[in-house]
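So the chains spell out like this:
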Amino acid sequence: MLNIIWGCMLLIGIVYGFLSGNIDAVSNALLEYAESAVTLCITMAGIMALWVGLMEIATSAGILKKLTQLLRPVIRYLFPDIPDDHPSMDYIATNIATNIMGLGWACTPAGLKAMEHLADLNDHDTRASDAMCGFLVLNISSLQLIPVNMIAYRSKYGSVNPSAVILPAILATMFSTFVGILFIKMKYRKER
Amino acid sequence: MLTVLSNMVMPLVVIGIILTGMIKKVDVYDCFVKGAVDGLKIVVKIMPTLIGLMVAVGVLRASGFLSLIGTLFGESLERWGLGSEVVPLVFIKMFSSSAATGLVLDIFREYGPDSRTGMFTSIMMSCTETCFYTMSVYYMASKVKKTRWTLPGALLATAAGIIASFFIVLYL
Chain Z
1 MLNIIWGCML LIGIVYGFLS GNIDAVSNAL LEYAESAVTL CITMAGIMAL WVGLMEIATS
61 AGILKKLTQL LRPVIRYLFP DIPDDHPSMD YIATNIATNI MGLGWACTPA GLKAMEHLAD
121 LNDHDTRASD AMCGFLVLNI SSLQLIPVNM IAYRSKYGSV NPSAVILPAI LATMFSTFVG
181 ILFIKMKYRK ER
Chain X
1001 MLTVLSNMVM PLVVIGIILT GMIKKVDVYD CFVKGAVDGL KIVVKIMPTL IGLMVAVGVL
1061 RASGFLSLIG TLFGESLERW GLGSEVVPLV FIKMFSSSAA TGLVLDIFRE YGPDSRTGMF
1121 TSIMMSCTET CFYTMSVYYM ASKVKKTRWT LPGALLATAA GIIASFFIVL YL
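In order, the protein sequences belong to chains Z and X.
Using our numbering, you'd call the opening residue of the first sequence number 1 and step up by one each time.
Using our numbering, you'd call the opening residue of the second sequence number 1001 and step up by one each time.
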């Protein structure tokens, strides 16, 4: 999927550049944007190191494990068809907890593990189970509370107040997640 | 009000983590350094993707194709003080976070992150996920072909996030 999108973006851009007479700009853009991607990564490196470093402390201090315990009732409510002590529970909890804390790269492995266990529960059917659909809708509804990346980009481009986005983002995230959960519950109810 | 509270979230989270760590007798600094290395590794890992996708977005933008899409859909947006660039952004964000990041930086460069367009962009990017990308990765791993009600639910949640961002920016 990504391969096609990336290829098409370049093809469309270059062909349209020829047609619209912007081909010089396209040529410059190739080099310019490659360079600015590296500059961006250098700015991001500091912020990423700081955040992941703090999360490591949180993990060692047992804050993440606490979160997993806290989330158990939530998971039971959302996915009533998952047996109580099924291993997928732990991975779903870890995925949700790390997602909320903005540990994007810790939550994807947990999410993939959760999907594997949910596939076990679904007898490896090629048709997704309710729990699988619900778990993905929940993930895509966005759970991350503090948009670290956005704050970093904002400060890089001279925002007077980079973290002004935090509270509005929390509100918007809560709303999209609320709608996602409503949809999940509706679907579950319909089938009963 | 929003701004003051927003500014307090980050320091409070840091205090909470450090304090809990020290109470639990965690070697906070050693731990931090260990995690920071992982953080740097992540940046190195995403760098190639970022270069590839930012170049693709740059080419699309320089060719004038993105402004074409923007003007097609964006005229009514300008009535609300939003730049037409948010239209292609909303679309691309569903496919790739890094490609969307390229567009976000363009918007920040042009309008500034504190403008209405910049704030909408910041909030919208924070409350939506890469719907199609996430679905393809997760379902590929579990060998599912029929995704049933995943896509409708995912699109609904994404739309809710976009609408919420729009109204928050209007009343900010």
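Some hints here could point you the wrong way.
[Stated by the list, open to error] Calculated pairs, DSS-like style, for lysine-lysine (alpha carbon to alpha carbon, straight line, at most 27 Å):
(1) Lys156/Z - Lys1146/X
(2) Lys113/Z - Lys1034/X
(3) Lys65/Z - Lys1041/X
(4) Lys1024/X - Lys65/Z
(5) Lys185/Z - Lys1041/X
(6) Lys66/Z - Lys185/Z
(7) Lys156/Z - Lys66/Z
(8) Lys1145/X - Lys65/Z
(9) Lys1143/X - Lys187/Z
(10) Lys1143/X - Lys66/Z
(11) Lys1024/X - Lys66/Z
(12) Lys187/Z - Lys113/Z
(13) Lys1034/X - Lys156/Z
(14) Lys1025/X - Lys185/Z
(15) Lys1143/X - Lys190/Z
(16) Lys1143/X - Lys113/Z
(17) Lys113/Z - Lys66/Z
(18) Lys1145/X - Lys113/Z
(19) Lys113/Z - Lys65/Z
(20) Lys1034/X - Lys66/Z
(21) Lys1025/X - Lys113/Z
(22) Lys1034/X - Lys1024/X
(23) Lys1025/X - Lys66/Z
(24) Lys1024/X - Lys185/Z
[Stated by the list, open to error] What follows is a set of in silico ranges between Cβ atoms, one per label pair, in the way DEER data are often shown:
(25) Leu112/Z - Ser1067/X: 17 to 27 Å
(26) Met1010/X - Asp84/Z: 30 to 40 Å
(27) Cys8/Z - Leu1151/X: 14 to 24 Å
(28) Ile1015/X - Asp123/Z: 46 to 56 Å
[To be verified] Reference listing, derived: stretches of chain X covered by chain Z, where coverage requires no fewer than 3 residues with Cβ under 8 Å from a Cβ of chain Z:
(29) 1010–1022
(30) 1097–1107
Bear in mind the hints are in silico, worked out from the structure with no lab data behind them.
Ideal Cβ positions, reconstructed from N, Cα and C, are used throughout, including at glycine.
Structure-based check of all given hints:
1. Lys156/Z - Lys1146/X: violated, 42 Å
2. Lys113/Z - Lys1034/X: holds, 24 Å
3. Lys65/Z - Lys1041/X: holds, 24 Å
4. Lys1024/X - Lys65/Z: The given pair, whose Cα atoms are some 13 Å apart, holds under the 27 Å limit.
5. Lys185/Z - Lys1041/X: violated, 39 Å
6. Lys66/Z - Lys185/Z: holds, 26 Å
7. Lys156/Z - Lys66/Z: violated, 34 Å
8. Lys1145/X - Lys65/Z: violated, 33 Å
9. Lys1143/X - Lys187/Z: holds, 22 Å
10. Lys1143/X - Lys66/Z: Judged against 27 Å, a Cα distance of about 32 Å means the pair is violated.
11. Lys1024/X - Lys66/Z: holds, 13 Å
12. Lys187/Z - Lys113/Z: holds, 24 Å
13. Lys1034/X - Lys156/Z: holds, 25 Å
14. Lys1025/X - Lys185/Z: At roughly 42 Å apart (the allowed maximum being 27 Å), lysine 185/Z and lysine 1025/X break the hint.
15. Lys1143/X - Lys190/Z: Answer holds: lysine 1143/X to lysine 190/Z is near 26 Å, not above 27 Å.
16. Lys1143/X - Lys113/Z: holds, 13 Å
17. Lys113/Z - Lys66/Z: holds, 20 Å
18. Lys1145/X - Lys113/Z: Holds. Lysine 1145/X to lysine 113/Z sits at ~18 Å (cutoff 27 Å).
19. Lys113/Z - Lys65/Z: holds, 17 Å
20. Lys1034/X - Lys66/Z: Distance ~21 Å between lysine 1034/X and lysine 66/Z Cα, so the pair holds.
21. Lys1025/X - Lys113/Z: violated, 31 Å
22. Lys1034/X - Lys1024/X: holds, 18 Å
23. Lys1025/X - Lys66/Z: Holds - the C-alpha atoms of lysine 66/Z and lysine 1025/X are around 17 Å apart, at most 27 Å.
24. Lys1024/X - Lys185/Z: Given pair lysine 1024/X, lysine 185/Z is violated - Cα atoms ~39 Å apart, limit 27 Å.
25. Leu112/Z - Ser1067/X: 17 to 27 Å: The hint (17 to 27 Å, Cβ to Cβ) is violated, given that leucine 112/Z and serine 1067/X are roughly 38 Å apart.
26. Met1010/X - Asp84/Z: 30 to 40 Å: holds, 37 Å
27. Cys8/Z - Leu1151/X: 14 to 24 Å: holds, 21 Å
28. Ile1015/X - Asp123/Z: 46 to 56 Å: Taking Cβ atoms as reference, isoleucine 1015/X and aspartate 123/Z lie about 48 Å apart, which means the hint holds.
29. 1010–1022: holds (count 7)
30. 1097–1107: holds (count 5)
Hint compliance for this structure: hints 1, 5, 7, 8, 10, 14, 21, 24 and 25 are broken, all remaining hints hold.
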